[in-house]
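Taking the hints as your guide, dock the two standalone chains into a single complex.
Those sequence lines, one after another, are chains A and B.
The first sequence begins at 1 in the working numbering and counts up by one.
The second sequence begins at 1 in the working numbering and counts up by one.
What the hints contain is simulated information worked out from the structure, not anything from laboratory work.
Among these hints, one or two may not hold up.
[Claimed, not checked] Chain A side only, calculated, beta carbon under 8 Å to chain B, not exhaustive:
(1) Ala36
(2) Trp56
(3) Val57
Note that CB positions come from ideal geometry on N, CA and C, so glycine has one too.
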Amino acid sequence: MDGSSQANISGNRMVLDQQALDPEQSRRLRRARRTAMIAGAVAVSFFVFSIAQLLWVQHMGLR
Amino acid sequence: MAHAATQDHHDDHHSAPKGFFRRWVMSTNHKDIGTLYLVFALTMFFIGGSFAMVIRAELFKPGLQLVQPYFFNQMTTMHALVMIFGAIMPAFVGLGNWMIPLMIGAPDMALPRMNNLSFWILPFAFLLMLSTLFLPGGGPSGGWTMYPPLSLQSSSLAYVVFAIHLMGISSIMGAINIIATILNMRAPGMDLLKMPIFVWSWLITAFLLIAVMPVLAGAVTMLLTDKYFGTNFFNAAGGGDPVLYQHIFWFFGHPEVYIMILPAFGIISEIVPTFARKPIFGYKAMVLAIAAIAFLSFIVWAHHMFAVGLPMGAEIFFMYATMLIAVPTGIKVFNWVATMWGGSMTFETPMLFAIAFIILFTLGGFSGLMMALVPADFQYHDTYFIVAHFHYVLVTGALFAIIAAAYYWLPKWTGHMYSETWGKIHFWNSVVWVNVLFFPQHFLGLAGMPRRIPDYNVAFANFNMISSIGGFLFGASQLIFIGVLIHCVFFSKKKATDRVWEGAKGLEWTVPSPAPHHTFAIAPIVRDEELAHGHVED
Ligand code: HEM
Ligand SMILES: [Cu+2]
Numbered sequence: 001m002d003g004s005s006q007a008n009i010s011g012n013r014m015v016l017d018q019q020a021l022d023p024e025q026s027r028r029l030r031r032a033r034r035t036a037m038i039a040g041a042v043a044v045s046f047f048v049f050s051i052a053q054l055l056w057v058q059h060m061g062l063r
Numbered sequence: 001m002a003h004a005a006t007q008d009h010h011d012d013h014h015s016a017p018k019g020f021f022r023r024w025v026m027s028t029n030h031k032d033i034g035t036l037y038l039v040f041a042l043t044m045f046f047i048g049g050s051f052a053m054v055i056r057a058e059l060f061k062p063g064l065q066l067v068q069p070y071f072f073n074q075m076t077t078m079h080a081l082v083m084i085f086g087a088i089m090p091a092f093v094g095l096g097n098w099m100i101p102l103m104i105g106a107p108d109m110a111l112p113r114m115n116n117l118s119f120w121i122l123p124f125a126f127l128l129m130l131s132t133l134f135l136p137g138g139g140p141s142g143g144w145t146m147y148p149p150l151s152l153q154s155s156s157l158a159y160v161v162f163a164i165h166l167m168g169i170s171s172i173m174g175a176i177n178i179i180a181t182i183l184n185m186r187a188p189g190m191d192l193l194k195m196p197i198f199v200w201s202w203l204i205t206a207f208l209l210i211a212v213m214p215v216l217a218g219a220v221t222m223l224l225t226d227k228y229f230g231t232n233f234f235n236a237a238g239g240g241d242p243v244l245y246q247h248i249f250w251f252f253g254h255p256e257v258y259i260m261i262l263p264a265f266g267i268i269s270e271i272v273p274t275f276a277r278k279p280i281f282g283y284k285a286m287v288l289a290i291a292a293i294a295f296l297s298f299i300v301w302a303h304h305m306f307a308v309g310l311p312m313g314a315e316i317f318f319m320y321a322t323m324l325i326a327v328p329t330g331i332k333v334f335n336w337v338a339t340m341w342g343g344s345m346t347f348e349t350p351m352l353f354a355i356a357f358i359i360l361f362t363l364g365g366f367s368g369l370m371m372a373l374v375p376a377d378f379q380y381h382d383t384y385f386i387v388a389h390f391h392y393v394l395v396t397g398a399l400f401a402i403i404a405a406a407y408y409w410l411p412k413w414t415g416h417m418y419s420e421t422w423g424k425i426h427f428w429n430s431v432v433w434v435n436v437l438f439f440p441q442h443f444l445g446l447a448g449m450p451r452r453i454p455d456y457n458v459a460f461a462n463f464n465m466i467s468s469i470g471g472f473l474f475g476a477s478q479l480i481f482i483g484v485l486i487h488c489v490f491f492s493k494k495k496a497t498d499r500v501w502e503g504a505k506g507l508e509w510t511v512p513s514p515a516p517h518h519t520f521a522i523a524p525i526v527r528d529e530e531l532a533h534g535h536v537e538d
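If we strip away everything but chain B, and leave its shape as in the complex, we get (with noise of 0.2 Å):
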């Protein structure tokens, strides 16, 4: 066994493989795992994105131009499965992957080759799940939600189970990955109240996958026995109740929703901190403030459901638990103000990112109250003013978090800095554009403008035409981020440092960039001043 007195005589000995074959399909390393999952994402986020295109373009005008409205009802659906399971889920495993045991001091996660299984059933689930539009019959198109007994009706929801079991046991896999790292592989004195807050985010994150995925798993496996075994979970008329379908989704849609942000609130807390030059302010209420969403998303389900005819004692009690998420929310929020405030700020484009998450974010969650009012929401439900809300929360919020951390890490990746410049243009691009897409949307949900529809009434067309240019463009501009990938990748000058950001802390910020492929074989020491949090009070 080889004797490894120190990183550099390690790295020696263990770089990366050779082959690409044996490096990234064998991989077992944390970091090429990472990089697969974020290269992964990336291509989901843009097959995800041409369906959006269609939609917007169809919706464009009022009146069928370009697809059939079948059609239209795969794209709906298909966009939001490939954007939720495949772009922004595998995005923060990706970031996990990567980051979580640089950050920890530990040499790789728990269970290296279970790692490497997560990541590869994806691409064989989407391909699965993709193959379906090119089928007889088509994709499904009862949108992601899967209701019963419309769901039932399509002949690919075989394949669609499947998919979505496979992406399953993905999830499954990584969550336990990652719980076992975060609980085992720490490195000595780094204590659990001395985790990164991003650390924090994912362990509770993992937790939250591990009870719920499984749910999704039994939800569509009942709607494959119903459609194809002969039982009644679903059907009424043989004692059976669609809405109970409803129930058991959003038992698990619920804490999705979270899942694909905590995560993100785990990065912001990491970028303010480094570019206000300041610690997180209120360390342990960020991590109590994460737990108690992660809490309070499993008695909220129901707010999903307001409109299908609960009795009143359920539908007052998912109000009022559904408004208490807004408190811990709110703590964050204040939070992440408080560190920047009197901090000394640059805005480099992580920060622009950050920061147009912290106020778009709250935006979605504002949204997010009024549609938590259960008579206000008779009005919402099923309008596009859900479709605001949840595109603010997972635009603005989750999507804006991902392109903020590959901005913040990507130097430490490469070993290169991204250009600035163009960074900036890809930022204000993003954010102007997207909110052409998305606020107009509101006012059409207010105007009761149904969702899922391929076609409108001539009333709503002057604020959807806004929103298609405004999608249009937020599109095109997302290629402007392939381009500053590409060019940092391949053709970036300029070397970064170690600690890239002259306020960046945390154990991540030590090693040499870009991050040799094994670190940590010896186990760092972890001084309280190293951590981007300071020194934690008992």
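Looking at chain A on its own, in the form it has when it is part of the complex (with noise of 0.2 Å):
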């Protein structure tokens, strides 16, 4: 379960302590981090295969 880690149980209510959630917060950051760059190759590789789809079509005499 995400995070879920990071909090200490008392009674029914979950209390994060800023300075024990601080290692915790980073990781959640760094691993956003990679999903955004995961995301943003995604957006770059469909702009040039979009160019590089009708290149190749072109070329192959395929219209």
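Structure follows, in structure tokens:
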């Protein structure tokens, strides 16, 4: 479960201590950056593909 | 580093920056950036609206009266570009920025500085695009679809292409941020299948954006190289093919129309349960339906090209694929109605707009189904029937959902209630005049009136006059909205409670109204009863 390791359960309320959270929060942010990089790479490859595809179609005389 | 044991304590140290420049231009706060997006979208809505008024004024009577045909074409092109990329899309991004972190219990978006950049690119993109109207040769006039060879004749093409690149970069960065936020920043216990449907709809929309905005960028880049760098992608004389452009454009274009409606579905799925005081009917079916629509949206693009002369097999494939979309869409409409069924409903302004959405969006879906039939579309294509269709799905669909969302969350944003009386006046005027404006356009289209023309046969005079009158009054009705907004933000004395609406559920209603500058510095406890859809069975 997402990030539950950072929570101390006291009663039925989970208390998060900022200081204790810090490494966890930075881990989440690192993960978020990685997600963003992947999504960005997908976007760039779609852009390249859209043009490369038409170059290929023309080159092969497929139209 | 500040030791924030409680949220209040935290707020003392990190309230909104004082200076105007620091607060708004340098902002990395999801709420402030959300506000910037919404204000930008509203401004663009009125600029695009003023172009629409020029169009309807020219079409008030047959014959040319107000503007030159060439300028008229610039108006139709700019109206669409401004409304799609400047008003509807940024409005949804603004709502997403404001509400997604609040709904999933995150302290902010995952990449706050990129968030700032995504927004601040937009004003420059639109200044660039709008400036072409004042240049010699004028703005783009070949339609928002920019089909070559017509679009290549425009002297402003390079400006428009660059503006579209900027908007595309902005949208892609916004989408990346939303994906990174939703996948990584949820509060403990906020499993994917417990997220509010608005968050789900934005997650799926963000994937659509990542997949198709680069394709649009590719298409317009090829227009640019065809015009200025001697390539022949779309030039038949040089071995290219103009129809290839249409394929690429609509591979972007059809998912794009769903980019403009899926977040609207999400909004309606938040509002209806609140005012019916019942959990949403069929939560998982709603999520799956959005995903199914998103998937199908990639395999229907050629329904915009039935009349270009596709092979018979392609016509049939795209016809059936298009008709399939009606299935998940029907599930959604059914579930909204089932949510209301037996609920104890009240009809505050957000709910009125939501109900109007359900009815009128469905009407637009029905005309879409008619156009999905290949032989029928040969008749409808490029007529006012198409114009009627997409204005039902986009104005009474996307725009009404945005307005509904604004009324719904305004008390949370501002801490004040808007005037319910004036909200209702705004609603009834909008819903009446929008139908006077767009319904007759179905008849005009069926009778054969082509779209994108400044003059027409006298046979079409009556319905055009009715449509124009509806247009002016719909436009005027939106001034009421401005009044309601200004009153709510600056003058309203009526304080909003934290929950605002009796039936409202979800994390966003557990924070104070107005939502403090920083929320969820401490991750919230997510309890199933708190969520709009109640307990979801595994
Ligand atoms: C049941 C769902 C839908 C079906 C079956 C459908 C079908 C179609 C078809 C076949 C066309 C092309 C007509 C022609 O040019 O001859 C079309 C055009 C269009 N549709 Fe839809 N549609 C649906 C939903 C939507 C939605 C939800 C939106 C936007 C929110 C939308 C926006 C548009 C736009 C903007 C155009 C015109 C594009 C242009 O040529 O400028 N449609 N639709
Ligand atoms: Cu389409």
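Query raised in the report: Can you name, in rising order, the numbers of the hints this structure does not satisfy?
Result: Hint 2 is the one this structure does not satisfy, whereas the remaining hints hold.
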